[in-house]
Amino acid sequence: MLEVKDLVVNYGVINAVKKVSFNINEGEIVSLIGANGAGKTTILKTISGLLKPKSGEIVYLGNQIQRQAAPKVVASGISQVPEGRHIFPGLSVMENLQMGAFLNKDKQQVQENYRTVFERFPVLAERKNQDAATLSGGEQQMLAMGRALMANPKLILLDEPSMGLAPIFINEIFSIIKKINENGTTVLLIEQNAKKALSISDRGYVIASGEVKLSGTGAELLANLDVQKAYLGG
Amino acid sequence: MQTFFQQIINGLSLGSIYALLALGYTMVYGIIKLINFAHGDIYMLGAFWGYYSINAWHFNFIEALLSSMVVGAISGVIIEYFAYRPLRHSPRITALITAIGVSFFLENGMAYLFTSDTRSFPQVIQQHNYNIGGVLISNIQILILVTACILMVLLQLIIKRTKMGKAMRAVSVDADAAELVGININRTISFTFALGSSMAGAAGVLIGLYYNSIDPLMGMTPGIKAFVAAVLGGIGSVPGASLGGFLIGMLETLFQSIGLSAYKDAVVYVVLIIILLILPAGIFGKNVKEKV
Numbered sequence: 008m009l010e011v012k013d014l015v016v017n018y019g020v021i022n023a024v025k026k027v028s029f030n031i032n033e034g035e036i037v038s039l040i041g042a043n044g045a046g047k048t049t050i051l052k053t054i055s056g057l058l059k060p061k062s063g064e065i066v067y068l069g070n071q072i073q074r075q076a077a078p079k080v081v082a083s084g085i086s087q088v089p090e091g092r093h094i095f096p097g098l099s100v101m102e103n104l105q106m107g108a109f110l111n112k113d114k115q116q117v118q119e120n121y122r123t124v125f126e127r128f129p130v131l132a133e134r135k136n137q138d139a140a141t142l143s144g145g146e147q148q149m150l151a152m153g154r155a156l157m158a159n160p161k162l163i164l165l166d167e168p169s170m171g172l173a174p175i176f177i178n179e180i181f182s183i184i185k186k187i188n189e190n191g192t193t194v195l196l197i198e199q200n201a202k203k204a205l206s207i208s209d210r211g212y213v214i215a216s217g218e219v220k221l222s223g224t225g226a227e228l229l230a231n232l233d234v235q236k237a238y239l240g241g
Numbered sequence: 246m247q248t249f250f251q252q253i254i255n256g257l258s259l260g261s262i263y264a265l266l267a268l269g270y271t272m273v274y275g276i277i278k279l280i281n282f283a284h285g286d287i288y289m290l291g292a293f294w295g296y297y298s299i300n301a302w303h304f305n306f307i308e309a310l311l312s313s314m315v316v317g318a319i320s321g322v323i324i325e326y327f328a329y330r331p332l333r334h335s336p337r338i339t340a341l342i343t344a345i346g347v348s349f350f351l352e353n354g355m356a357y358l359f360t361s362d363t364r365s366f367p368q369v370i371q372q373h374n375y376n377i378g379g380v381l382i383s384n385i386q387i388l389i390l391v392t393a394c395i396l397m398v399l400l401q402l403i404i405k406r407t408k409m410g411k412a413m414r415a416v417s418v419d420a421d422a423a424e425l426v427g428i429n430i431n432r433t434i435s436f437t438f439a440l441g442s443s444m445a446g447a448a449g450v451l452i453g454l455y456y457n458s459i460d461p462l463m464g465m466t467p468g469i470k471a472f473v474a475a476v477l478g479g480i481g482s483v484p485g486a487s488l489g490g491f492l493i494g495m496l497e498t499l500f501q502s503i504g505l506s507a508y509k510d511a512v513v514y515v516v517l518i519i520i521l522l523i524l525p526a527g528i529f530g531k532n533v534k535e536k537v
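Chains V and U supply the protein sequences, listed in that same order.
Add 7 to a position in the first sequence, counting from 1, and you land on the number used in the working numbering.
Add 245 to a position in the second sequence, counting from 1, and you land on the number used in the working numbering.
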């Protein structure tokens with residue numbers, strides 16, 4: 008579905024991503040794990056069109072998308088839930104969701120999407136007229152995910168969805184990610200919480216200093232001693 | 246007491262024009278963090294358009310008002326496209342200096358094309374004065390106040406209710422996230438300039454009716470006063486800009502009425518200094534910390 012080939016991205020003068028290659032098959036949950044500053048977020052921003060790569064290719068459903076602007080990438084079915092949630096403060100929960108469906112001209116489908124999102128996140132339905140800034144961290148994460156789902160993505164990119172959340176919310180977020188995947192959306196997940204991420208992933212890649220160091224199925228990586236030492240706390 | 250009410254009425258009509266102008270400053274600042282110093286000159290363009298369209302084509306008030314809004318909107322979009330868009334990723338000071346340059350260009354360009362003579366604005370509407378309990382109100386004052394209020398309510402509805410208005414708010418709070426949901430940033434910024442500049446175009450026609458005279462430099466002082474109004478209300482806040490406009494208008498007429506006409510401009514700048522010292526975020530503004 009998505010193939011990243013020899014991707015090189017510079018962030019200012021820093022060479023943040025050095026020849027990274029990986030692929031995602033339709034229906035999978037794939038996670039990129041690694042420490043802070045490993046280049047994971049840069050990879051994600053390049054896929055979604057916020058950053059332009061120096062070289063390399065990103066092929067999505069047979070088309071090269073590495074030079075496309077972000078709105079075009081969204082239109083083609085890739086939605087990103089950015090790190091730190093980035094909901095729109097000052098807009099209500101409902102308006103945030105409406106913005107998620109900004110490119111969707113089919114009103115009936117948008118209505119249906121609201122229903123699906125509210126079913127998945129009942130708390131958003133309760134607070135739909137509230138300013139999004141008044142939500143708790145976990146609720147904001149749900150809103151950010153709901154907003155991305157409003158675009159009917161085929162592939163959803165999740166950047167650190169568990170960051171800064173209470174443990175009870177973390178479990179909930181991961182079970183929601185699984186459900187989203189079971190409903191037919193392919194997931195690319197970026198996490199520092201490697202244990203959790205790998206336990207729900209089909210496959211994973213370990214990224215360190217801008218390179219892929221290891222790859223394998225979720226279970227393989229979880230069992231791998233090196234990974235355990237470096238990222239899973241022994 | 247009568248003089249007091251008289252000054253309130255005068256202040257409200259002048260203030261509503263400042264409010265229309267201040268809205269443009271605040272909306273543009275909200276979305277690209279630029280003080281568009283050429284904004285006052287769009288108001289001048291609106292007034293000139295009103296002057297020529299009424300004299301040459303015998304437009305009535307409504308036609309002159311609506312067409313000057315269109316002219317204002319188009320000039321705003323053109324200015325943004327050629328002057329500010331290329332500087333989108335430059336330091337803010339670069340764009341600010343460019344805005345001052347655009348302002349000089351418009352003022353002197355218009356002076357070159359149409360001479361810097363003061364013209365008397367054609368009175369499309371016959372002035373009538375009504376005496377209500379000793380307070381004189383002209384139909385033009387009522388017209389200005391009503392028109393300005395209708396435009397402000399419309400603007401508020403556009404910002405709050407329409408999809409484009411919500412996109413504007415989304416871009417102004419988080420441009421990257423807005424791009425990630427598929428909002429076209431450039432188009433949204435153009436839309437903001439069009440909206441804000443159309444208000445300035447309308448204000449130009451209204452001031453022509455009120456003061457009867459227009460000239461190519463007429464946008465300078467009201468432009469700066471409207472900027473003060475926007476800062477007073479809290480730059481970036483739409484209701485704040487309206488309130489600030491009315492307050493500045495009232496303050497100015499108040500100073501005129503107590504015989505300090507010579508200081509009516511100075512007092513507005515004193516207000517700016519006081520706000521910046523005491524309440525830098527303005528009345529409705531949020532104290533936003535710079536992100537690092």
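Among these hints, one or two may not hold up.
[Claimed, not checked] Mimicking PhoX-like on lysine-lysine, the simulated pairs with C-alpha atoms at most 25 Å apart in a straight line are:
{"no.": "1", "chain 1": "V", "residue 1": "K203", "chain 2": "V", "residue 2": "K186"}
{"no.": "2", "chain 1": "U", "residue 1": "K509", "chain 2": "U", "residue 2": "K405"}
{"no.": "3", "chain 1": "V", "residue 1": "K202", "chain 2": "V", "residue 2": "K186"}
{"no.": "4", "chain 1": "U", "residue 1": "K531", "chain 2": "V", "residue 2": "K79"}
{"no.": "5", "chain 1": "U", "residue 1": "K278", "chain 2": "U", "residue 2": "K405"}
{"no.": "6", "chain 1": "V", "residue 1": "K135", "chain 2": "U", "residue 2": "K278"}
{"no.": "7", "chain 1": "U", "residue 1": "K531", "chain 2": "V", "residue 2": "K135"}
{"no.": "8", "chain 1": "U", "residue 1": "K408", "chain 2": "V", "residue 2": "K112"}
{"no.": "9", "chain 1": "U", "residue 1": "K405", "chain 2": "V", "residue 2": "K114"}
{"no.": "10", "chain 1": "V", "residue 1": "K114", "chain 2": "U", "residue 2": "K531"}
{"no.": "11", "chain 1": "V", "residue 1": "K236", "chain 2": "V", "residue 2": "K203"}
{"no.": "12", "chain 1": "V", "residue 1": "K112", "chain 2": "V", "residue 2": "K59"}
{"no.": "13", "chain 1": "V", "residue 1": "K12", "chain 2": "V", "residue 2": "K26"}
{"no.": "14", "chain 1": "V", "residue 1": "K112", "chain 2": "U", "residue 2": "K278"}
{"no.": "15", "chain 1": "V", "residue 1": "K79", "chain 2": "V", "residue 2": "K59"}
{"no.": "16", "chain 1": "U", "residue 1": "K531", "chain 2": "V", "residue 2": "K112"}
{"no.": "17", "chain 1": "V", "residue 1": "K59", "chain 2": "V", "residue 2": "K114"}
{"no.": "18", "chain 1": "V", "residue 1": "K79", "chain 2": "V", "residue 2": "K114"}
[To be verified] Looking from chain V toward chain U, a few residues come up when the C-beta cut is under 7 Å (computed):
{"no.": "19", "residue": "G44"}
{"no.": "20", "residue": "V66"}
{"no.": "21", "residue": "L68"}
{"no.": "22", "residue": "V81"}
{"no.": "23", "residue": "Q87"}
{"no.": "24", "residue": "G91"}
{"no.": "25", "residue": "H93"}
{"no.": "26", "residue": "P96"}
{"no.": "27", "residue": "G97"}
{"no.": "28", "residue": "F109"}
{"no.": "29", "residue": "F125"}
{"no.": "30", "residue": "V130"}
{"no.": "31", "residue": "A132"}
{"no.": "32", "residue": "E133"}
[What the hints assert, rightly or not] To list a few chain U residues with every Cβ distance to chain V over 12 Å, as calculated:
{"no.": "33", "residue": "Q247"}
{"no.": "34", "residue": "Q252"}
{"no.": "35", "residue": "N305"}
{"no.": "36", "residue": "E308"}
{"no.": "37", "residue": "L358"}
{"no.": "38", "residue": "I428"}
{"no.": "39", "residue": "N429"}
To be clear, the hints were calculated from the coordinates, so they are not data collected in a lab.
Quantities reported herein were computed from a predicted structural model and do not represent experimental measurements.
Glycine is no exception: its CB is placed at the ideal position from the N, C-alpha and C atoms.
Structure-based check of each hint:
1. V:K203 to V:K186: Status holds; Cα separation ~15 Å.
2. U:K509 to U:K405: violated (35 Å)
3. V:K202 to V:K186: holds (18 Å)
4. U:K531 to V:K79: violated (33 Å)
5. U:K278 to U:K405: holds (20 Å)
6. V:K135 to U:K278: Violated, at roughly 29 Å.
7. U:K531 to V:K135: Roughly 24 Å between the alpha carbons, so the hint for K531 (chain U) and K135 (chain V) holds.
8. U:K408 to V:K112: holds (11 Å)
9. U:K405 to V:K114: At roughly 19 Å apart (the allowed maximum being 25 Å), K114 (chain V) and K405 (chain U) satisfy the hint.
10. V:K114 to U:K531: violated (35 Å)
11. V:K236 to V:K203: holds (15 Å)
12. V:K112 to V:K59: violated (28 Å)
13. V:K12 to V:K26: OK: K12 (chain V) and K26 (chain V) at ~7 Å, within 25 Å.
14. V:K112 to U:K278: violated (30 Å)
15. V:K79 to V:K59: Answer holds: K79 (chain V) to K59 (chain V) is near 14 Å, not above 25 Å.
16. U:K531 to V:K112: violated (34 Å)
17. V:K59 to V:K114: violated (33 Å)
18. V:K79 to V:K114: holds (20 Å)
19. G44: violated (17 Å)
20. V66: violated (20 Å)
21. L68: Given a least distance of 17 Å, the restraint on L68 (chain V) is violated.
22. V81: holds (4 Å)
23. Q87: holds (5 Å)
24. G91: violated (10 Å)
25. H93: Constraint on H93 (chain V) satisfied, holds at 4 Å.
26. P96: Constraint on P96 (chain V) satisfied, holds at 6 Å.
27. G97: holds (6 Å)
28. F109: Cβ of F109 (chain V) sits 5 Å from chain U, so the hint holds.
29. F125: Since the shortest Cβ distance to chain U is 18 Å, the answer is violated.
30. V130: Violated, because the Cβ-Cβ distance from V130 (chain V) to chain U comes to roughly 21 Å (cut-off 7 Å).
31. A132: Status violated, d = 19 Å.
32. E133: violated (21 Å)
33. Q247: Holds: least Cβ distance 44 Å, greater than 12 Å.
34. Q252: holds (36 Å)
35. N305: N305 (chain U) is indeed farther than 12 Å from all Cβ atoms of chain V, at 38 Å.
36. E308: holds (34 Å)
37. L358: Label holds. Min Cβ-Cβ 39 Å, cutoff 12 Å.
38. I428: violated (5 Å)
39. N429: violated (5 Å)
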